[in-house]
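K.L.:
These are the residues of each chain, in order.
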Amino acid sequence: MRVRVLAFARLRELLGFGERELELAPRATLDDAWHALTAGVPDATRLHASTRFARNGVVSDGTTTLGEGDEIALLPPVGGG
Amino acid sequence: MIAVSPDPIDLQALIAAVGDPAHGAICTFLGTTRMTSPGDDRAVRALDYEAYAAMVIADFEAIAAEARERFGPLAIAIVHRIGRVALGEASVGVAVGAPHRVAAFDACEFAIDTLKARTPIWKREEYADGGTAWIANTPGGST
Numbered sequence: 001m002r003v004r005v006l007a008f009a010r011l012r013e014l015l016g017f018g019e020r021e022l023e024l025a026p027r028a029t030l031d032d033a034w035h036a037l038t039a040g041v042p043d044a045t046r047l048h049a050s051t052r053f054a055r056n057g058v059v060s061d062g063t064t065t066l067g068e069g070d071e072i073a074l075l076p077p078v079g080g081g
Numbered sequence: 001m002i003a004v005s006p007d008p009i010d011l012q013a014l015i016a017a018v019g020d021p022a023h024g025a026i027c028t029f030l031g032t033t034r035m036t037s038p039g040d041d042r043a044v045r046a047l048d049y050e051a052y053a054a055m056v057i058a059d060f061e062a063i064a065a066e067a068r069e070r071f072g073p074l075a076i077a078i079v080h081r082i083g084r085v086a087l088g089e090a091s092v093g094v095a096v097g098a099p100h101r102v103a104a105f106d107a108c109e110f111a112i113d114t115l116k117a118r119t120p121i122w123k124r125e126e127y128a129d130g131g132t133a134w135i136a137n138t139p140g141g142s143t
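Chains as they are written, first to last, in the numbering used here: chain A, 1 to 81; chain S, 1 to 143.
To be clear, the hints were calculated from the coordinates, so they are not data collected in a lab. Just so you know, even glycine gets a beta-carbon here, dropped at the ideal spot from N, CA and C.
Derived, one-sided and incomplete: chain S residues facing chain A with beta-carbon distance under 8 angstroms:
1. 31
2. 52
3. 55
4. 80
5. 92
6. 112
7. 119
8. 121
9. 122
10. 134
11. 135
12. 136
13. 137
Model the full assembly from the supplied sequences, consistent with the hints where possible.
P.N.:
Here it is in structure tokens:
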């Protein structure tokens, strides 16, 4: 299945994309997507604990199962205000 | 009024957006860009804000709804800038109109504190020496 991935701020810079498509096995989770996206990028891998995920605009746990066409987002610690 | 925009924040527009003859108070907050970060003495030249805009708009709406649940009937405007913001300019503006001042003060503080804790917006400082860094808000902090 295919999902759309958004990466922001430090993760956007480390992973080299702000938006991309990603092919995943059926019933893959947000953590599966994270591991696929950060494999080979140790500086990004280290940020797992501080990264929140969103699925279709809703903050979601890493164990959340994804569906075809989902939009997922990788959210580093926020700094608004 | 809920918005994410590269344009300078117009405080009078925020105030006008929450005006209501049933209200006796309007409380406003502007967050302005500062020339140093806590614990870092490098001079900041400018700031850049990045946002997951669709989620920010939904979250600002949720913050407004949560504020009304906590503090009663209110009108709330929240605007955050994205892109480059020069030193001393407002990066975020909140205005709350309420029947009485206590609810206006409390809801205004709640809105900015909640935004800083969770809304998907990121800040990159650019220093006078050309370096840059992404700056995260301190959990529960006052910065």
